[in-house]
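> Chain residues, written in single-letter form:
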Amino acid sequence: MLRLDCLRSIYSQLEKCVVVTIMGAVSAELQSIGHRPNFFYLQHAMGLASSTGLGIALSLPEQTVMVLDGDGSVLMNLGTFSTMARYRPRNFVHVVFDNESLLSVGGFPTATSTGTDLAQIAKAAGVPRTAVVNDCAGFVQAVNDALAAKDLTTIVAKVEASGPAKYVTDLTLLENRFEFSRYVRSLGK
Amino acid sequence: MPVSVNSSRAIYAALKASGIRLVSALPETWLVHLIRMAEDDPEMILVRLAKEEEGVGISAGAHFAGVSSAMLMQNHGFLASINGIVSFALLYRIPLLMLISYRGSFGEKDPWQTQGGSVTEPLLRALGIPYFSLQTIESIPLRIRQAQELCASSLQPVALLLTRDIMWEE
Numbered sequence: 006m007l008r009l010d011c012l013r014s015i016y017s018q019l020e021k022c023v024v025v026t027i028m029g030a031v032s033a034e035l036q037s038i039g040h041r042p043n044f045f046y047l048q049h050a051m052g053l054a055s056s057t058g059l060g061i062a063l064s065l066p067e068q069t070v071m072v073l074d075g076d077g078s079v080l081m082n083l084g085t086f087s088t089m090a091r092y093r094p095r096n097f098v099h100v101v102f103d104n105e106s107l108l109s110v111g112g113f114p115t116a117t118s119t120g121t122d123l124a125q126i127a128k129a130a131g132v133p134r135t136a137v138v139n140d141c142a143g144f145v146q147a148v149n150d151a152l153a154a155k156d157l158t159t160i161v162a163k164v165e166a167s168g169p170a171k172y173v174t175d176l177t178l179l180e181n182r183f184e185f186s187r188y189v190r191s192l193g194k
Numbered sequence: 002m003p004v005s006v007n008s009s010r011a012i013y014a015a016l017k018a019s020g021i022r023l024v025s026a027l028p029e030t031w032l033v034h035l036i037r038m039a040e041d042d043p044e045m046i047l048v049r050l051a052k053e054e055e056g057v058g059i060s061a062g063a064h065f066a067g068v069s070s071a072m073l074m075q076n077h078g079f080l081a082s083i084n085g086i087v088s089f090a091l092l093y094r095i096p097l098l099m100l101i102s103y104r105g106s107f108g109e110k111d112p113w114q115t116q117g118g119s120v121t122e123p124l125l126r127a128l129g130i131p132y133f134s135l136q137t138i139e140s141i142p143l144r145i146r147q148a149q150e151l152c153a154s155s156l157q158p159v160a161l162l163l164t165r166d167i168m169w170e171e
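One line per chain: the protein sequences are C and P, in this order.
Heads up, the first sequence is in this note's numbering, so the first residue is 6 and it goes up one at a time.
Heads up, the second sequence is in this note's numbering, so the first residue is 2 and it goes up one at a time.
This is chain C alone, in the form it adopts within the complex (with noise of 0.2 Å):
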């Protein structure tokens, strides 16, 4: 399965909700698809994609709040799960594609490789909704249970570990960011 087509498969859902992306190839591929005003790109902080998420979504609870996270990332803040399970966001959706790789630096594996199961870490640690998929189809039918269930959900998606070509784009870091707070802080009015 490739991170791509997921994207693809789920961006007019993404239309409605506040997306948060961690850096590198989730980053690129999403910008590749179209930017909108509603997506920000955490093109650092490894391990905070999904406590910015936690912070918006405790700050907004008539917003869906959805976090595209990555295995290296969240395996550098696993405190993560243990918080957003304690606060139980309803209204927050949080995927990790889990490649298996530090893709951006050069490919090297993460130890989800070597049988590190972050759908059961996510589940030991409270999340009350957590699913793994593997193809494009069981990715889409994974979203809309967790939009329609309206409870927080981690899907761990397993894809291929292969992005573009490069991961600068265009959009600033200062541009996205500012465009992005002006879009959020429209939905709390």
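To be clear, the hints were calculated from the coordinates, so they are not data collected in a lab.
Keep in mind that the hints are not guaranteed to be accurate.
[Stated by the list, open to error] With a Cα cut of at most 27 Å, we get these calculated DSSO-like pairs of lysine-lysine:
hint : chain 1 : residue 1 : chain 2 : residue 2
1    : P       : Lys17     : P       : Lys52
2    : P       : Lys52     : C       : Lys128
3    : C       : Lys194    : P       : Lys17
4    : C       : Lys194    : C       : Lys21
5    : C       : Lys171    : C       : Lys128
6    : C       : Lys155    : C       : Lys194
The structure displayed is predicted, hence computed values, not measured ones.
Start from chain C and add chain P according to the hints.
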């Protein structure tokens, strides 16, 4: 436990008066009253963390949503947050109001706190983070208000060091 209730009340009241609606925290002896006050306040969103760096992301998310927040942490929690502070808050111009209990400074009796105490201010200076050391209870309301004002106008982290002089009554 001789943690100052009066100073904790003054700090909490100043945070409320400054419009703080979300507080992230990780328990530390000097912060117990403050965390309980946040917990007992139905108007406050309290997020108890596993590790302080999460608080950088949570405060950023709250800021994006238009909610003013504060981080309550020990100086070792500040040390544990530094990558988040640099590669999120400073990189993306995120206001972070950091209330840092200043362990390991003059009067410290716990040997394990002392190394962190000696590097706290040099690190704040190295990161270019404006900070003020709260040493009297009288200074609390004004300095917290000013810190939040600077934080909001500059869109950058600002720190208040909670010293032994105000937090500990022996």
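> Decide, hint by hint, whether the structure agrees.
Okay, the hints, checked on the actual structure:
no. : hint                  : verdict
1   : Lys17(P) / Lys52(P)   : holds, 24 Å
2   : Lys52(P) / Lys128(C)  : holds, 19 Å
3   : Lys194(C) / Lys17(P)  : holds, 21 Å
4   : Lys194(C) / Lys21(C)  : holds, 16 Å
5   : Lys171(C) / Lys128(C) : violated, 34 Å
6   : Lys155(C) / Lys194(C) : holds, 22 Å
In this structure, the one hint that does not hold is number 5.
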